[in-house]
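K.L.:
Read off the chains here:
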Amino acid sequence: MLKRGIIGAAVLFLVGAATYACFYIAPEERTMGPIQKIFYFHAASAWAGLTAFSVCFVANIVYVLRRSQASDWIGVSAAEVGLVFTTVVLITGPIWAHPVWGIWWTWDARLTSTFVLWLLYISYLLLRTMLEEPDRRALLSAIFGIFAFLDVPLVFGAIRWWRTQHPQPVIMGGPGSGLEPTMRKVFFFTVLAMHALMLLLLSERYRLEKMRGEFQELRREAEVQ
Amino acid sequence: MKNFDSIFAAYLLGWGVFFVFYLTVAKRGSELRGEIERLKETLNRGK
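Protein chains in written order, with this note's numbering: chain A, 1 to 225; chain Z, 226 to 272.
Fair warning: there could be bad hints in the mix.
DSS-like, lysine-lysine: derived pairs with alpha carbons at most 25 Å apart [said to hold, decoys possible]:
1) A:K3 to A:K210
2) A:K210 to Z:K265
3) Z:K227 to A:K210
Stretches of chain A that chain Z covers, calculated by requiring three or more beta carbons in the stretch to come under 8 Å of a beta carbon on chain Z [to be verified]:
4) 24 to 35
5) 207 to 218
In short, the hints are calculated from the structure, not lab data. Even glycine gets a Cβ: it sits at the ideal position worked out from N, Cα and C.
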């Protein structure tokens, strides 16, 4: 309990420091002005969300191959956490877009593929609520999760392969792209903080799923009695 | 600060989502813990 508290406090400190760095250390962007500060929160949340979906994907593959309960628990936990981060991306994106583009939303490749990703993982979680039998639920959702992950490379590549309203990549974007050095440091620090937050939420959600497994085990025992 | 309301809204809503999620996980956990305790008691009484 104490260990969890210390880890939680450390993550909060990291996230607080990253927010401070976004506002007080990173220089103001010349064209957009202060509204560009949303970029650090928006893009770092997107990266952490995609990492969570990658964890879900690996756990789903492991479940299909080995049928281990822990990988099912990791899969559902990572899907839920990834969905939370993607929700933040879909909220902060339009708030940033409106003053800069003059519109809240457009159906370009990046925005659409991200919205589809969000819908796919909502479907993944809904599918799990519809299946009663634990092994069948775990297997079918793992197979669905593997297919849902196919959208992740599309989200990543959308701004690289097609012309979009969404800005072109500033990280791993090839020649001509990039961030001012201080902005870059602040961005990677924010990415680190958001990944720490993602791992914290993932471990909390995993504990809940493990408890649910224990509950189902006890309920089966009670039914036998 | 220009566009302060948009920046404030983005950070507030974003952190709000994380906070609400954390609260729901904690709430679901405490409810489940209660049910586990009740089931354990029922099982112990049955033995």
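K.L.:
Please verify whether K3 (chain A) and K210 (chain A) have alpha carbons no more than 25 Å apart.
P.N.:
Between K3 (chain A) and K210 (chain A) the Cα gap is close to 19 Å, so the pair holds against 25 Å.
K.L.:
Taking 8 Å as the C-beta cutoff, is the stated coverage of the stretch 207 to 218 of chain A by chain Z satisfied by three or more residues?
P.N.:
holds (count 7)
K.L.:
With a Cβ-Cβ cutoff of 8 Å, does the stretch 24 to 35 of chain A contain at least three residues near chain Z?
P.N.:
holds (count 3)
K.L.:
Please work out if K210 (chain A) and K265 (chain Z) have their alpha carbons no farther apart than 25 Å.
P.N.:
Distance ~16 Å between K210 (chain A) and K265 (chain Z) Cα, so the pair holds.
K.L.:
With the threshold set at 25 Å, check whether the alpha-carbon distance from K227 (chain Z) to K210 (chain A) stays at or below it.
P.N.:
Distance ~47 Å between K227 (chain Z) and K210 (chain A) Cα, so the pair is violated.
Checked against the numbered hints given earlier, this structure breaks only hint 3.
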